[in-house]
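**Q** Please build the complete structure, drawing on both the sequences and the hints.
Which chain is which? The protein sequence lines are U and H, in order. Counting along the first sequence from 1, when you hit position 236 you're at 236 in this note's numbering, and nothing is skipped either side. Counting along the second sequence from 1, when you hit position 87 you're at 388 in this note's numbering, and nothing is skipped either side.
FYI, nobody ran anything at the bench for these hints, they're computed from the structure. Do not rely on the hints blindly, as some may be mistaken.
List time: in silico DSSO-like cross-link candidates among lysine-lysine, alpha-carbon distance up to 30 Å [as the list claims (entries may be wrong)]: (1) K51(U) x K33(U); (2) K416(H) x K467(H); (3) K166(U) x K416(H); (4) K51(U) x K87(U); (5) K467(H) x K33(U); (6) K352(H) x K416(H).
Single-letter residue listing:
2 protein chains.
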Amino acid sequence: MPLSATSFTPVTATPEAPPGHLVIIGGGEDRSKDMRVLRRFVELTHAANPKIVVLTAASREQERVAEVYRHAFGLLGAQPIVFAMHKRTDAADPQVLDHLLQADGVFMTGGDQRKLLSIIGGTRTSAAMHRIYRERGACIAGTSAGASAMSEHMLAEGWVNPHPAKGAVDLAAGLGFLPRAIVDQHFSERQRLGRLLTVVAQNPYLLGVGIDEDTALVIERGLGLEVVGQGAVTLVDGREMQSDFLELYDRDLIELHNARLHLLPDGARHGMQEGAAPDSSPMPQPLREAVAILCSGEYPG
Amino acid sequence: MPLSATSFTPVTATPEAPPGHLVIIGGGEDRSKDMRVLRRFVELTHAANPKIVVLTAASREQERVAEVYRHAFGLLGAQPIVFAMHKRTDAADPQVLDHLLQADGVFMTGGDQRKLLSIIGGTRTSAAMHRIYRERGACIAGTSAGASAMSEHMLAEGWVNPHPAKGAVDLAAGLGFLPRAIVDQHFSERQRLGRLLTVVAQNPYLLGVGIDEDTALVIERGLGLEVVGQGAVTLVDGREMQSDFLELYDRDLIELHNARLHLLPDGARHGMQEGAAPDSSPMPQPLREAVAILCSGEYPG
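**A** If you want it as structure tokens, here you go:
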């Protein structure tokens with residue numbers, strides 16, 4: 001895509017600690033044909049025959065889902081190891097932790113993000129994922145519920161309304177890989193702009209991230225981001241937004257002014273540092289700040 | 302709605318020339334129950350037993366549509382006079398022009414905006430509508446195709462894609478009541494944000510206006526605007542937007558940065574002049590400019 005470039009200059013990575021990646025997938029990724037999104041995840045483990053731990057805890061049909069990803073990752077030349085988890089003690093199993101600490105990548109399947117968090121939130125499994133992401137540059141991926149779970153403040157549930165409406169969304173605690181963003185998935189397919197705007201109207205310090213099906217937002221820690229897949233990633237920045245949220249009753253439509261929208265389709269690629277990626281046109285400052293929020297996990301300035 | 306107020310101070314109107322109104326309806330307005338949108342149109346003619354000319358030219362079933370609005374406007378205490386038009390000479394009929402020049406309101410029905418413009422665009426009917434709007438403060442309304450027809454640059458046709466895509470929209474010449482805006486209707490019901498963003502990416506000097514069903518954007522000429530109905534009005538301001546539109550192939554998804562979005566639900570009401578409406582909170586400057594674009598028909602500054 002002309003607005004972006006082909007590589008970032010790794011300004012913070014060292015040979016000892018390459019930057020970790022997050023691959024945040026909007027659900028419905030192809031698992032049997034070209035597998036562009038899953039293939040990019042496997043590439044970003046930067047290992048030949050990478051060891052990938054698959055966590056199916058979000059799903060109600062863990063064995064069926066496990067089979068799908070065993071097959072897909074096998075086709076892509078990886079070694080998938082699937083762990084089903086049904087209760088929190090499963091997430092403290094020493095065998096699971098041994099595998100996680102040696103993994104090149106971790107993949108969280110879809111299902112229900114509340115189920116996923118109720119099983120792995122705050123456990124040694126979650127801690128091991130953070131450790132290999134930060135210390136060993138592992139690649140952490142999640143699709144659908146697994147994508148929502150990535151953020152610190154997690155979109156747990158919401159009713160669909162084409163417009164933002166007070167009380168339309170419930171938040172919960174997530175895994176914390178994205179401290180200042182909130183992720184919604186199946187985004188344009190399920191018309192979720194209204195509920196993402198609801199979250200941002202109520203929480204203007206969170207950057208809204210809507211990810212379409214068969215599409216991934218890829219974050220290279222401290223460096224930049226890219227978009228891969230059939231759809232697009234929608235960013236909603238509400239830091240300058242005004243709304244009448246506080247003065248409404250439940251389910252009233254919210255009036256809001258001055259939301260900023262960025263739309264990043266397949267191939268979009270932006271570095272966090274000025275000049276890190278040789279853009280053909282300079283990014284507007286609000287987009288640069290949004291990239292910084294996503295990639296550093298902190299607000300700029 | 303708390304962000305807005307209940308009345309504008311008429312700063313330019315004189316007793317001789319009260320300000321005209323535009324009532325731009327997103328289609329599907331209630332025509333038999335509470336009729337909030339049609340009732341507001343009738344009120345804004347500021348006449349007891351107002352004379353309303355109904356133009357059905359957009360429709361392929363003009364007699365059926367005529368009957369619906371004869372009934373509805375009769376219930377609302379107005380005198381509807383319906384003119385079917387099939388060819389351009391019908392739009393120069395002296396009898397039609399006589400009625401138009403005496404009308405308190407004009408209502409354009411739904412159908413196909415290209416058919417409507419092919420029959421009345423540039424005719425004495427169109428000129429008479431402009432004249433009574435500007436000189437006598439008449440109220441000009443349109444629903445669905447009749448709403449799209451209001452702008453100078455008219456959204457004629459477009460395929461639906463959840464995201465903006467190059468070549469997704471065709472423009473045509475409209476009636477010119479809104480020189481610097483472009484109207485889309487059935488907006489959230491038919492998921493048309495993508496096509497409106499396409500128009501704005503290609504024409505960043507046009508303000509995108511998306512109107513939901515059973516919802517009207519009401520413009521008081523030179524003064525302010527309000528929203529009435531079940532849904533909301535979405536404004537897309539692309540004046541600071543960057544996109545890669547010029548570098549793409551047809552049907553490619555467009556990458557865009559820095560679109561501004563305002564969402565105005567039922568009850569939103571904003572004056573064009575600072576202080577004209579006693580807002581409980583000041584409008585951000587971009588919204589004030591958008592209101593000015595819509596109500597003055599000119600860019601500010």
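**Q** All hints are to be evaluated individually against the structure, with a verdict given for each.
**A** Going down the list of hints, with the structure as the test:
1. For the suggested pair K51(U) and K33(U), the alpha carbons sit about 22 Å apart, so the restraint of at most 30 Å is met.
2. At most 30 Å may separate the alpha-carbon atoms for a hinted pair to count; K416(H) and K467(H) meet this at roughly 25 Å.
3. Distance restraint check for K166(U) and K416(H): the Cα-Cα separation of roughly 41 Å exceeds the 30 Å cut-off, and the hinted pair is therefore not satisfied.
4. The hinted pair formed by K51(U) and K87(U) meets the criterion: a straight-line CA distance of about 24 Å does not exceed 30 Å.
5. Straight-line distance between C-alpha atoms of K467(H) and K33(U) comes to about 27 Å, which keeps the hinted pair within the 30 Å bound.
6. Restraint check for K352(H) and K416(H): the C-alpha separation of about 25 Å stays at or below 30 Å, so the hint holds.
Hint violations for this structure: number 3 only, all remaining hints satisfied.
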